[in-house]
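Note that the protein sequences, when read in sequence, are chains A and B. The numbering of the first sequence is this note's numbering, which starts it at 1 and goes up by one. The numbering of the second sequence is this note's numbering, which starts it at 1 and goes up by one.
No lab work stands behind these hints, which were simulated from the structure alone. Certain hints may be false.
[Claimed, not checked] With a cut-off of at most 20 Å between alpha-carbon atoms, the simulated SDA-like pairs for lysine to any residue come out as follows:
| hint | chain 1 | residue 1 | chain 2 | residue 2 |
| --- | --- | --- | --- | --- |
| 1 | B | 82 | A | 211 |
| 2 | B | 93 | B | 83 |
| 3 | B | 93 | A | 215 |
| 4 | B | 88 | A | 127 |
| 5 | A | 53 | A | 397 |
| 6 | B | 88 | B | 110 |
| 7 | B | 82 | A | 53 |
| 8 | B | 93 | A | 53 |
| 9 | B | 93 | A | 211 |
| 10 | B | 88 | A | 192 |
| 11 | B | 93 | A | 74 |
| 12 | B | 93 | A | 397 |
| 13 | B | 93 | A | 127 |
| 14 | B | 82 | A | 397 |
| 15 | B | 93 | A | 354 |
| 16 | A | 192 | A | 177 |
| 17 | A | 53 | A | 266 |
| 18 | B | 88 | A | 273 |
| 19 | B | 82 | A | 232 |
| 20 | B | 82 | A | 277 |
| 21 | B | 82 | A | 168 |
| 22 | A | 192 | A | 232 |
[Claimed, not checked] Some chain A residues near chain B, calculated using beta-carbon distances under 7 Å:
| hint | residue |
| --- | --- |
| 23 | 63 |
| 24 | 176 |
| 25 | 178 |
[Stated by the list, open to error] Per label pair, the in silico range of CB-to-CB distance:
| hint | chain 1 | residue 1 | chain 2 | residue 2 | range |
| --- | --- | --- | --- | --- | --- |
| 26 | A | 211 | B | 57 | 17 to 25 Å |
| 27 | B | 121 | A | 107 | 29 to 37 Å |
| 28 | B | 59 | A | 373 | 55 to 63 Å |
The C-beta atom is built at its ideal place from N, Cα and C for all residues, glycine as well.
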Amino acid sequence: MGIFMKYSRRKLSPVSLALALLACQAQAADQGYPTFDFNAYGTIGAAHSTEDKADFVSGPGQSEGAGDSEDVTFAIDSRVAAQLTVNFTPKLTAVAQVVSEQRDNNSWTPYFEWANIKYDFTPDMSVRVGRIVLPSFIVSDYRKIGYANHWARPPVEVYSMVPVTNSDGIDAIWRLNHGNLTNTLQPFAGRKNLHFGGATWEGKHVLGFTDTLEFGNALLRASYIRADVTSAGAINQFFDAFKQFGPLGSAIADRYQINGTRIEGIVAGARYDAGNWFTMAEWVRTSSHSFLGSDRGWYVTGGYHFGAFTPFATYSTRDALDNYEREQGLEPLYRALPPQVLPVAGFLNMQLQGLIRSTDSSTLSVGTRWDFRENFNFALQLDHVDLEDGTSGSLINVQPGFVSGGSLNIITATVSFVY
Amino acid sequence: MKKAVHILLAATLLCLGSNVASADVVAVVSASSPLTELSSQQIADIFLGRSARFPDGRTAVPLDQAEGSVERSAFYQRYAAKSPVEMKQHWSKLIFTGRGQPPRQVGDAAAVKAALAQQPNAISYLDRSLVDGTLTILE
């Protein structure tokens, strides 16, 4: 066998792999394979905001929310998903999950959240190829599954810092058990394209890993992710306009545009489940040399089980780490510009300020989950959001008359199910 | 309204409490298995999908009783300190991210005994009073 491998490795491998899989299939067919599993999950959520001159949304990919667009919106927390799992053999599994939720352009077109093939080399080591889940946060794997979580939605400040939930590529899951400790290491690589804000964001060389350590009631998690991102669309034309303004304009474009720009994130988290009560906290840091800048965010949450009710509270916050408020943009050029060009420079500068302005905010949430029926749960949540002075936080569709800074309250009610 | 909520809460707590307390459920393997003991943590890890092997390296195959049964609720309450809702949440997190599938559900106590007899690698749970010579209790 060894001689064969050395002799014609490249030609032989795909063929031998295919033959091995066929042989497995033939054998597995006797044992009742392939098997099919269908699962589904969904949430219907209603939210109301006390700020009616802007929209509160639950993530960056949404175009409409609670406040200005709707008094009570069903669009920011509702979704439905269906999943098919096929076990071809005991070691080979294919999974596809389709999700329908609000997306850019207010469409609800279903898309593949993920679709991949998994091979278990051993019960503790498997590799997946295709569209896979990006496990950046403790809860990121299942942030969309209302039933799996206690809150009505994951803390917006923190979860909007890494808005991607999947990537197209490959990952490996390698698990080690030692006594009462279980360690799971998950490296991944791939690419990811996102459409939001009217632009396409192409993420190449997505690379990272997540390590999870579990012992008894505790779980610790650390994650690193990076990607080289290039934008396409209106945002490119915007920075091209700066390049018309000589060396200063070009310097500004280079500093802020996203053109093969490396964006990195680190996440650290911990969770403790004591049976009756639980607590969880995560801390995130992202950085990039672009208008996205560098941010830090964290949250802490906890809850207690009173029979079918689980009251909880969460505090989350996000801080920009750069001093972009000091950016003068094209101002140094104003005196020397011809009068007809001045308004253009002024407009570009204003737009730039808007892009680099921080989206800092803090939120205190209280609420309760109610498991009123098998496979279903209800969640009620009240959020008090404090916006950084002079900013609109994560709010979108900001209308004239909006008073920046200040605070707003959100009330949310959701019903979720799993099948 | 307040009184109704109190009654509802009390009734829920009572229902959950009484069911679980009445069953003395133990983890068992076939008597033909080389395994004689396993810690609670290791048993929990196998049934929660965190571990796929016994300490001696053999593959472990966990088997569940029917969903909603008293023995099943008591087993997970005792070994994993999780209620049926928490168990469902636990598996939702793994199923919908492709990281695992729940143990095969075999049925009632009789079905468990039959399945364990056929598979020395299998592990399951039974009410203590139903354990006979064909099974080993793992304390």
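Do the hints match the structure? See the list:
Distance check on the hinted pair: residue 82 of chain B and residue 211 of chain A sit about 24 Å apart at the alpha-carbon level, beyond 20 Å; violated. In summary, the hint linking residue 93 of chain B to residue 83 of chain B is supported, as the alpha carbons are separated by about 15 Å, within the 20 Å threshold. Using a Cα cut-off of 20 Å, the hinted pair residue 93 of chain B and residue 215 of chain A holds, with the two alpha carbons roughly 18 Å apart. The hinted pair formed by residue 88 of chain B and residue 127 of chain A fails the criterion: a straight-line CA distance of about 26 Å is larger than 20 Å.
At most 20 Å may separate the alpha-carbon atoms for a hinted pair to count; residue 53 of chain A and residue 397 of chain A meet this at roughly 8 Å. For the proposed pair residue 88 of chain B and residue 110 of chain B, the alpha carbon gap of about 24 Å is over 20 Å, so the pair is violated. For the proposed pair residue 82 of chain B and residue 53 of chain A, the alpha carbon gap of about 44 Å is over 20 Å, so the pair is violated. With a C-alpha separation of about 37 Å, the suggested pairing of residue 93 of chain B with residue 53 of chain A is violated against the 20 Å cut-off.
This hinted pair checks out: residue 93 of chain B and residue 211 of chain A have alpha carbons roughly 17 Å apart, not beyond 20 Å. Of the supplied pair hints, the one linking residue 88 of chain B and residue 192 of chain A is violated, its CA atoms being roughly 31 Å apart against a limit of 20 Å. Restraint check for residue 93 of chain B and residue 74 of chain A: not satisfied, since their Cα atoms lie roughly 24 Å apart, outside the 20 Å limit. Taking the CA atoms of residue 93 of chain B and residue 397 of chain A, the gap is about 33 Å. The hint is violated against a cut of 20 Å.
Our distance criterion of 20 Å between C-alpha atoms is met by residue 93 of chain B and residue 127 of chain A, whose separation comes to about 19 Å. As the CA atoms of residue 82 of chain B and residue 397 of chain A are separated by approximately 43 Å, the hinted pair breaks the 20 Å bound. For the hint pairing residue 93 of chain B with residue 354 of chain A, the CA-to-CA distance comes to about 38 Å; that exceeds 20 Å, so the pair is violated. For the given pair, residue 192 of chain A sits about 32 Å from residue 177 of chain A by alpha-carbon distance, which is inconsistent with the 20 Å threshold.
Taking the CA atoms of residue 53 of chain A and residue 266 of chain A, the gap is about 34 Å. The hint is violated against a cut of 20 Å. At most 20 Å may separate the alpha-carbon atoms for a hinted pair to count; residue 88 of chain B and residue 273 of chain A meet this at roughly 15 Å. As the CA atoms of residue 82 of chain B and residue 232 of chain A are separated by approximately 48 Å, the hinted pair breaks the 20 Å bound. For the given pair, residue 82 of chain B sits about 11 Å from residue 277 of chain A by alpha-carbon distance, which is consistent with the 20 Å threshold.
The suggested pairing of residue 82 of chain B with residue 168 of chain A is violated, with an alpha-carbon distance near 35 Å, which exceeds 20 Å. A C-alpha spacing of about 14 Å is found between residue 192 of chain A and residue 232 of chain A, which places the hinted pair at or below 20 Å, so the restraint holds. The beta carbon of residue 63 of chain A comes no nearer than 25 Å to any beta carbon in chain B, farther than 7 Å, and the hint placing it at the interface is violated. Contact between residue 176 of chain A and chain B, as hinted, is not supported at the beta carbon level, the nearest pair being about 10 Å apart and thus beyond 7 Å.
For residue 178 of chain A, the interface hint is violated, since its Cβ never comes within 7 Å of a Cβ in chain B; the closest pair sits about 10 Å apart. Evaluation of the 17 to 25 Å hint for residue 211 of chain A and residue 57 of chain B yields a pass: the beta carbon distance comes to about 23 Å. Separated by about 49 Å at the C-beta atoms, residue 121 of chain B and residue 107 of chain A break the suggested range of 29 to 37 Å. A hinted range of 55 to 63 Å for the beta carbons of residue 59 of chain B and residue 373 of chain A is inconsistent with their spacing of about 37 Å.
Hints 1, 4, 6, 7, 8, 10, 11, 12, 14, 15, 16, 17, 19, 21, 23, 24, 25, 27 and 28, counting from the list given before, are not met by this structure.
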